[in-house]
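**Q** Each chain is listed here by its residues.
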Amino acid sequence: MNLEEIDRILGSEESIVASSGFTASVMHAIRAEADTPPPIAFPWRRAVPVITVAGALIVAVLTLTIVLILSPNPASTASAVSPSQTAAVTGFVRIAEHFGTGWLGFASAMTVATLVFGLRIAFPE
Amino acid sequence: MTPAEDEADVDKVLAGDTSAFEGIVRRWQAPLINMAYRFCRDRGRAEDMAQQAFLKAFRGLAQWRKDAAFSTWLFALAANLYRSELRRIPVFSVPLEQIAEPRDPGRTDANFDAEELERLVRNAVASLPRKYRDAMILFYFQEMDVPSAARSLRLPEGTVKARLFRGRELLRAKLEVDMTRSFKDAT
Numbered sequence: 001m002n003l004e005e006i007d008r009i010l011g012s013e014e015s016i017v018a019s020s021g022f023t024a025s026v027m028h029a030i031r032a033e034a035d036t037p038p039p040i041a042f043p044w045r046r047a048v049p050v051i052t053v054a055g056a057l058i059v060a061v062l063t064l065t066i067v068l069i070l071s072p073n074p075a076s077t078a079s080a081v082s083p084s085q086t087a088a089v090t091g092f093v094r095i096a097e098h099f100g101t102g103w104l105g106f107a108s109a110m111t112v113a114t115l116v117f118g119l120r121i122a123f124p125e
Numbered sequence: 126m127t128p129a130e131d132e133a134d135v136d137k138v139l140a141g142d143t144s145a146f147e148g149i150v151r152r153w154q155a156p157l158i159n160m161a162y163r164f165c166r167d168r169g170r171a172e173d174m175a176q177q178a179f180l181k182a183f184r185g186l187a188q189w190r191k192d193a194a195f196s197t198w199l200f201a202l203a204a205n206l207y208r209s210e211l212r213r214i215p216v217f218s219v220p221l222e223q224i225a226e227p228r229d230p231g232r233t234d235a236n237f238d239a240e241e242l243e244r245l246v247r248n249a250v251a252s253l254p255r256k257y258r259d260a261m262i263l264f265y266f267q268e269m270d271v272p273s274a275a276r277s278l279r280l281p282e283g284t285v286k287a288r289l290f291r292g293r294e295l296l297r298a299k300l301e302v303d304m305t306r307s308f309k310d311a312t
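As you go down the protein sequences, you meet chains A and B in turn.
All the letters of the first sequence, read from the start, carry residue numbers 1 to 125 under my numbering.
All the letters of the second sequence, read from the start, carry residue numbers 126 to 312 under my numbering.
Keep in mind that the hints were calculated from the coordinates and are not lab data.
It is possible that some hints are incorrect.
Label-pair restraints from in silico Cβ distances [claimed, not checked]: (1) B:Lys191 x A:Pro38: 18 to 26 Å; (2) B:Ala133 x A:Ser20: 20 to 28 Å; (3) B:Thr197 x A:Phe106: 46 to 54 Å; (4) A:Ala34 x B:Asp270: 29 to 37 Å; (5) A:Glu13 x B:Arg190: 13 to 21 Å.
Just so you know, even glycine gets a beta-carbon here, dropped at the ideal spot from N, CA and C.
Only chain B is shown next, with the shape it has when bound in the complex (with noise of 0.2 Å):
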């Protein structure tokens, strides 16, 4: 993927092009889709969710400014619609108080299956309020990088920086309360 590729073929498509929109679609077809994942975790939903996406690029493409790479003109406007989509139906989350326990009885974290352990953080995060949970998505999303993410969710770095902050301290304290009380059920 390179700005010139897209660039090429944005100028194309604005020309009147439409197939050159084709290759926008198969260079960020992925990461539309896995962010779209992250926020939905329905595979079928997420390939609806990155469609509209495209569509919604495909109408406002003449509103992209250049001043700013394509991807993170495209990755803003995404995850706009996809949070927009999760407003208007929610991911159904299990409470973390409905999960089944772990198959041993005498369990601690330390000894939670790794694929159980991911699920439980997953599912957390999927409970938490809307607000550090969007700054959580896309943060690892973007590997970890904070302008990244304030550039997608179009908010200034300091807020982003102190929602992952929030987000996390809430996450590590729903999961430390969950297996808790999962080792003192089982004991």
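Next comes chain A alone, as it looks inside the complex (with noise of 0.2 Å):
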């Protein structure tokens, strides 16, 4: 077969005819898709400095709790340390030791990693 009988074939398709309904069915979906309300807006101005003033918390537990492991006489770096700012670090070290800090954040890891993976698949554009 050469590509002259390819283009003939290919190129002399009959068109098909819209169903009597199918103009009537698009607009429904039309006006339904007008008159659903718009999405909220998320409340950015209220929610960045609560993220702002969280993500500072955490930050500083974090880093109290990091410089007390890592501290070869963590008496003298607590002594260092303000009582409320112990007693922030250790009440945090006692919770994540109880639920174990690794898994929390291996599992963490795990779901951020796997709604990525499903949103690149829901939505390959």
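Both chains are sitting in their own frames, so use the hints and assemble them into the complex.
**A** Following this line, the structure appears as structure tokens:
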């Protein structure tokens, strides 16, 4: 079979006609789309300050925790820290040990990776 | 269909008159359904896909910049959606080896029934690798116009030409193998 024959066959395909209710069906979907209220916008003005403060707090607690863990003399390091900071860090460390910080971090990382992967499959564009 | 009609209806829809979109649907339903049919080879699914294309066009109407024809923008949007749909739910196509042998055992390609030959060719197109298949479908849909097919695919013309060349070579090789096999099996 030569290319001209292929061109003739593929270029001569007959057109199909839309079914009688097609336009009505499309317009029904369009009107439903138009009547749907827009999604509620995320309240960034309220959220950004809260996220910033929470992030700073987490960073401070983690930093103090790491300093205490890595310090060769935790007692002297701890004494340089104020009692409220010590209590916060001690509490955090106890909670972390109780729940297994390593596993928590691993689970969180897996959740984020799964979410990103799933979104890429669902919305490849 | 005139560009002025499309632009007028788009302006009305963007101003809030949803019913003006019906004019766009009536003018472009046939091309969109036929393009979808060439991808999926199923009438019902073609209409579903065309309806999704219109819905997507309605949502993104404000993104049409009017520097290109409305048809160019609409076809590119539809082609992209159809290709995504086929990735999501591929068309079931029968491999060439499973297509029934010709009724008359002594046949060569010259003796193939015209309808059978057309079905063979269209099945062969559907079985091509996606990038060649999509280029060929849009090339023939756009009446063998490479620039239009390239705009619908959002690819450079050179890329489309290369894919068309390779796709047609693959198609011809597949058809020759199958027809030769059918002839040998019959003799």
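**Q** Determine for every hint whether it applies to the structure shown.
**A** Hints and how they fare:
no.: 1; hint: B:Lys191 x A:Pro38: 18 to 26 Å; verdict: 24 Å, holds
no.: 2; hint: B:Ala133 x A:Ser20: 20 to 28 Å; verdict: 26 Å, holds
no.: 3; hint: B:Thr197 x A:Phe106: 46 to 54 Å; verdict: 50 Å, holds
no.: 4; hint: A:Ala34 x B:Asp270: 29 to 37 Å; verdict: 34 Å, holds
no.: 5; hint: A:Glu13 x B:Arg190: 13 to 21 Å; verdict: 32 Å, violated
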